[in-house]
Amino acid sequence: MEKIIHNIFTDWIPAGASVLDLGCGDGRLLESLAADRGVKGVGVEIDEAQVAVCLAKGLQVVSADIESAAMEELFAPGSFDYVLLKNTLQVISEPEKVLREMLRIGRQSICLFENASSFGNRLRFLLRGDLPTAENGEGPLAHLITVKGFSGTCARAGGRIVKSRYLTKDGLGVASSALNCHTAAYLLGRRDA
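Using this note's numbering, the first residue of the sequence shown is number 1, and each one after it goes up by one.
Calculated directly from the structure, the hints in this document are not laboratory data. Where hints are given, some of them may not hold.
Now the in silico label distances, taken between C-beta atoms and shown as ranges [what the hints assert, rightly or not]:
#, residue 1, residue 2, range
1, Ser-164, Asp-192, 16 to 26 Å
2, Glu-94, Arg-160, 28 to 38 Å
3, Glu-72, Ser-32, 44 to 54 Å
4, His-6, Arg-107, 38 to 48 Å
Distance condition first, Cα-Cα at most 25 Å in a straight line; then the derived BS3-like pairs of lysine-lysine [as the list claims (entries may be wrong)]:
#, residue 1, residue 2
5, Lys-148, Lys-40
6, Lys-3, Lys-57
7, Lys-40, Lys-57
8, Lys-163, Lys-148
9, Lys-148, Lys-169
10, Lys-97, Lys-169
11, Lys-40, Lys-169
12, Lys-97, Lys-163
13, Lys-3, Lys-40
14, Lys-169, Lys-3
Glycine included, C-beta positions come from ideal geometry on N, C-alpha and C.
Input sequences plus hints: build the corresponding full structure.
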């Protein structure tokens, strides 16, 4: 699955682009994009241990909360070619606000998340009556983001979907439909652009 996800990013991001990775974790995505595409990357991460890992790898990283007002002070409008958000949208409290910031900071944005309405999750709900959330100890999910719901959230944030890819859980390919996908990836632009 990671290889296919990496390929989505390398397909959509041109060589030498400037990239801001929000919730960059240990910097693995930035590191691979720098090696494969020659991007000039900066990460933003709230977890100090992960920041230390990024710094040890020689990556440029800012220790900050991507939901804080500090983002406006740290990054000017249009200061990056691409802003990335990989598997982070569902763990933040205000997805629409973060999408709006992504669209402000970057010329384009890429958002990738696990689809809460995937076939597997719908089957789980039918059989067990629950979904993987922080409440039942199966993940830090603050929101159950669905493919259908994301379109509305994106529009309310002032964005438009430029491209999309829907992946199967096994990572072997493209899902037959958005509703059956396990992971969704979107290339976003500003609606006014």
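Evaluated hints:
{"no.": "1", "hint": "Ser-164 - Asp-192: 16 to 26 Å", "in the structure": "20 Å, holds"}
{"no.": "2", "hint": "Glu-94 - Arg-160: 28 to 38 Å", "in the structure": "20 Å, violated"}
{"no.": "3", "hint": "Glu-72 - Ser-32: 44 to 54 Å", "in the structure": "29 Å, violated"}
{"no.": "4", "hint": "His-6 - Arg-107: 38 to 48 Å", "in the structure": "21 Å, violated"}
{"no.": "5", "hint": "Lys-148 - Lys-40", "in the structure": "33 Å, violated"}
{"no.": "6", "hint": "Lys-3 - Lys-57", "in the structure": "21 Å, holds"}
{"no.": "7", "hint": "Lys-40 - Lys-57", "in the structure": "14 Å, holds"}
{"no.": "8", "hint": "Lys-163 - Lys-148", "in the structure": "15 Å, holds"}
{"no.": "9", "hint": "Lys-148 - Lys-169", "in the structure": "18 Å, holds"}
{"no.": "10", "hint": "Lys-97 - Lys-169", "in the structure": "28 Å, violated"}
{"no.": "11", "hint": "Lys-40 - Lys-169", "in the structure": "31 Å, violated"}
{"no.": "12", "hint": "Lys-97 - Lys-163", "in the structure": "21 Å, holds"}
{"no.": "13", "hint": "Lys-3 - Lys-40", "in the structure": "21 Å, holds"}
{"no.": "14", "hint": "Lys-169 - Lys-3", "in the structure": "13 Å, holds"}
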